[in-house]
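Peer 1: Residue strings, one per chain:
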Amino acid sequence: MGTSGRAEVSDEALMMRYQRGDMGAFGDLVTRHKTPLFNFVLRQVGASGAAEDLEQEVFVRVIENAGTFKHEAKFTTWAYTIARNLCVDHHRKASYRRHASLDERESREHGEGPSLGDQVADSHPRASTERGVISNEIQIRVVAALDALPGEQREVFLLRQVANLPFQEIAAITGTPENTVKSRMRYALERLQEALTEFEEYARALR
Amino acid sequence: MDCEKFDQILIDALYDELDELTLAAAKRHAEGCQRCQSAWSGLRATLKIGVLPSVEPPSSLEPNILEAARAAHGNVPWPKRVGRAISWAGSYAMRPQTAMAAILVLMLGSSVIFVRRKPDRSGPSRVSVTERGVPEQAAEEMRPERIGIPRERPAPFGRSARRERDEERAAGGPAAPGGGVVAAAPGSEGEARANKGAEKAMDPFAEPPAAGRSRGVASADDIGGGDGFGAQLGASADRAPEAKKKDEASGAPGEYAPPPRDPYGSAMDLYSAGRYAEADKAFTDVAASGAKNAANAALYAAKSAEGAYGCGRAVAKYESAAARFAGTSAAAEAQWGAANCYKLIGDFDRSYALYKELRSVAGYRDRAEAELGNLKILQAQGAARASRAAPAKPAAPPPQATAAPKNATQPAQ
Chain A
3 MGTSGRAEVS DEALMMRYQR GDMGAFGDLV TRHKTPLFNF VLRQVGASGA AEDLEQEVFV
63 RVIENAGTFK HEAKFTTWAY TIARNLCVDH HRKASYRRHA SLDERESREH GEGPSLGDQV
123 ADSHPRASTE RGVISNEIQI RVVAALDALP GEQREVFLLR QVANLPFQEI AAITGTPENT
183 VKSRMRYALE RLQEALTEFE EYARALR
Chain L
-19 MDCEKFDQIL IDALYDELDE LTLAAAKRHA EGCQRCQSAW SGLRATLKIG VLPSVEPPSS
41 LEPNILEAAR AAHGNVPWPK RVGRAISWAG SYAMRPQTAM AAILVLMLGS SVIFVRRKPD
101 RSGPSRVSVT ERGVPEQAAE EMRPERIGIP RERPAPFGRS ARRERDEERA AGGPAAPGGG
161 VVAAAPGSEG EARANKGAEK AMDPFAEPPA AGRSRGVASA DDIGGGDGFG AQLGASADRA
221 PEAKKKDEAS GAPGEYAPPP RDPYGSAMDL YSAGRYAEAD KAFTDVAASG AKNAANAALY
281 AAKSAEGAYG CGRAVAKYES AAARFAGTSA AAEAQWGAAN CYKLIGDFDR SYALYKELRS
341 VAGYRDRAEA ELGNLKILQA QGAARASRAA PAKPAAPPPQ ATAAPKNATQ PAQ
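First to last, the protein sequences are chains A and L.
Heads up: the first sequence runs through residues 3 to 209, numbered per the numbering used here.
Heads up: the second sequence runs through residues -19 to 393, numbered per the numbering used here.
Hints are supplied without guarantee of correctness; some may be wrong.
Result set (DSS-like, lysine-lysine): computed pairs, CA atoms no more than 30 Å apart in a straight line [stated by the list, open to error]:
#1 A:Lys76 <-> L:Lys28
#2 L:Lys336 <-> L:Lys356
#3 A:Lys72 <-> A:Lys36
#4 A:Lys36 <-> L:Lys28
For the record, the hints were derived by calculation from the structure and aren't laboratory data.
Please read these numbers as outputs of a predicted model, since none were measured by experiment.
Between the sequences and the hints, there should be enough to build the whole structure, so can you do that?
Peer 2: So, in C-alpha cells, the structure goes:
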C-alpha cells in the first residue's frame, strides 16, 4: 500500500510534496487511498453515506495536521489511525452499534442507495453461473460473519484484509501489542471458518 | 517445534511472513500433528475463499474530498501554518547538502574569528626574546635599578672614552655629533649622566634605544664608548634629527628636561655616586616620610652612614632599621649589617647574638653559621691575647673602627 505502481512515488514523498504546497500530490494520495479507506470505514460503520462523510473528514484532518507529519512516519499508519478514531467517535455518537442489515436499505439520513448485499452482488455481474452463485453466497456469509465479530477483531481483520497493512502497523494503529493483534486475527479467521464450514469442499476444490 | 509454538506462528505462516527455517519446522510439525495440520489447512482455505468484496466508493467522493481539502487548506489556522512552515524548513534542514553548507559556513566564520593576522614584521613586537633567553620586558623589569639594587659606577674605558672625557673637560659638558642637541646639564651632572649612559650601553639588561624614547639628548653613551658600539652610534645619529624636530615642536629646542626623580631614586643616585653623607641624609628623610620604600631607605641610610662615618655611627642606624621594619627583608639585611659592624668594632657578644638570630632567617643561615664560626675563633684568639697580656699591662681598650669601608657591601637583595 505504501507505493502505487502508477506513480512509483511513496506516500510519504507525496505527503512531503504536499507540505511544500503541491496540491497535486495530495490528489494522488486521495486517488491511491480512497477505495481501501472507504471499504475500511464502510465495514466499520455499515452505511455508505456515513462512510463517505467520514472518509472526507479523514482527508480534511490530514490537511489540517499536515504540518505535524514527519517524514519518518508512515502515511498509512497516520491516515488509518485518523479513520479508526473517527469511526470510534461515530459509534460513540450513535450511542449504539449500528448494524446495517444486508437486506435493509440505508436510512434517508445517508440518502437512498443499495444495501450492502446489493453492492456485493453488483460487484460480480456474472453471478448467473454456479461458481458465481457460490462466490456471491460466500461473500454474503463473510460480510455477515464480519458484522458479527467483536469490534476489536473486526478492525484487525479489516486493516489486514482490506487495507493490506502488516501486523506491526496494525499494532501501532490500534495501540495494542503485535501478538495481541495476531491473536485477534486468528479468532476472527476461526469465526469466519465456522461461518463458511459448508463451503469447505468448495474451498478444497479451489486449491 | 511443539503445538504451542505452532499456534504462536500460525498467523505468520498463513501470510507467508515466516523465515525459511521456521516455516520448514512448522511444516515438519504439521505433517506429524493432525490438530495443527487441520488448523493450518482450515484457516488457509478460509483465507482463500473468505475474501471481502471490495466496494467502489461513489464517483463523487474524490471531487468532494478535494473540494473539502481546498477549503480546509485555505482555512488552516496560523499556528498550524507555522507548524507546516517549520516542517517544510525542517525537510530542507535534514538534507545532507544543507548540513554540509552549514558546516562550511561555520568553518569560514570561525576562521575569520580565530585565525589572526601575523604580527607586523616591520614594527617592533611587544615582547621579544633577548640573547639571554629572557623576554625583553621581563629583562626591563629585572633591571637592578628597578628593584633597588645600586650599580657600581663603571670606569670609563677605551680610547674613545678618554677622548670623550677630554672633550667634556674642554667644553664643560658632553658633546653630540651629527647635529645632535647638546645637553645643557652643567658640570658634574652632565658627567654623571654620561657615565650612566655608558653604564646603560654596557648593561645587557638595559633597554635598547628606542626612537620614541629619545628626548633630543645625545649623551655620551649614544655617542658611543668606542669599540662595539658602532651600531648604537649609527642609530643615535639617525634619531638625532627626529629628536630635534620633536624638541622644536615642543618649543624647547636644545633644552634638556631631566625626568623627575623620586626622593628615593635621588638618594640612590647619591649613594651610587659615593656621596654617602648626602645619601645618608636623603635616605633618612625618605625613611622618616614613611614612603612605601621606607624600609629600604632606612637600610641604605645605615649603609650610607657606614660609608660616611664608619661602623660606630652606622650600627645604631642598622639596629634601628632592623627593629622598626622587623619581618622585612630590609630588616634582615640591616641586622646583618649591624652584626658585621659589631664584629668590626669588637663587640663580639652582640655580633654573636645577631648572627645567631639570623640563622633562622631564610637566605642568611649559611652565612650566619660561617660568621658564628669566625666569631668563635676571634673570641678564642682575643681571650688568649688577653691572658698573655694580663700580667704585663691592663686590658687594652676596644678597637675603634673609624675607618669607613670604601667599598660598601652589596646588598643581598
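Peer 1: For every hint, state whether the structure bears it out.
Peer 2: Cross-check of the supplied hints:
no., hint, result
1, A:Lys76 <-> L:Lys28, "holds, 28 Å"
2, L:Lys336 <-> L:Lys356, "holds, 12 Å"
3, A:Lys72 <-> A:Lys36, "holds, 22 Å"
4, A:Lys36 <-> L:Lys28, "holds, 25 Å"
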